[in-house]
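Peer 1: As a plain string of letters, each chain reads:
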Amino acid sequence: EAAVTQSPRNKVAVTGGKVTLSCNQTNNHNNMYWYRQDTGHGLRLIHYSYGAGSTEKGDIPDGYKASRPSQENFSLILELATPSQTSVYFCASGDQGAGDTQYFGPGTRLLVL
Amino acid sequence: QQKVQQSPESLIVPEGGMASLNCTSSDRNVDYFWWYRQHSGKSPKMLMSIFSNGEKEEGRFTVHLNKASLHTSLHIRDSQPSDSALYLCAASGPGNTGKLIFGLGTTLQVQP
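Just so you know, the protein sequences line up as chains A and B, in that order.
All residue numbers for the first sequence refer to the numbering used here, where the first residue is 1 and numbers rise by one.
All residue numbers for the second sequence refer to the numbering used here, where the first residue is 1001 and numbers rise by one.
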């Protein structure tokens, strides 16, 4: 199965601070995704990427930036963290075909105080 | 309005029983469906996928797909306490280039 890792696994941040969540995949997948998961809202897509150098806005991009410096790495950046961004964040990777499975990392629990 | 609707929201079945979960897409531009399982505190793991009309069986798990109604169902026979989890349905179509549309999920509890 595809290997996707995330760091940190847990993070406490202060309101107004900058937070960077990192994701690495070793399966040479073209696509990478950032989701957040909240009770009552399910998995919501924040940003995604089709390959190194590309980032696209998902369904809830406001307050987030993304960076894809290489095929393996995809970062999610919260420039000015707010308490409403407290959530569990999942990174996933997959190929570009419509029938291609997405593989998820273990998740990062972010608490913004 | 969720484009992928799952029902029921939650389900309790006895150990050894059958669990049946449903999922329907209101987005007509989907052709592919997945079922993911997410245990508490863990990440979603792909359980089964189905892309053609009909049925697919893997061990205790069976999925059905009716493309005309964009409805898929997951059936778990001989349910075990370890099957207790959140089950997420996801859909994709030719124009989605890998993006998935997720439902809110069904929480399954298997009681010993």
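Don't read these hints as lab results, they were simulated from the structure.
Glycine included, every Cβ here is placed at the ideal spot set by N, Cα and C.
Any given hint could be a false lead.
[Said to hold, decoys possible] Only some residues are given here: those of chain A computed to face chain B with a beta carbon under 7 Å:
#1 31
#2 61
#3 64
#4 67
#5 70
#6 96
#7 100
Peer 1: So, against the hints stated earlier in the document, which numbers end up violated here?
Peer 2: 2, 3, 4 and 5
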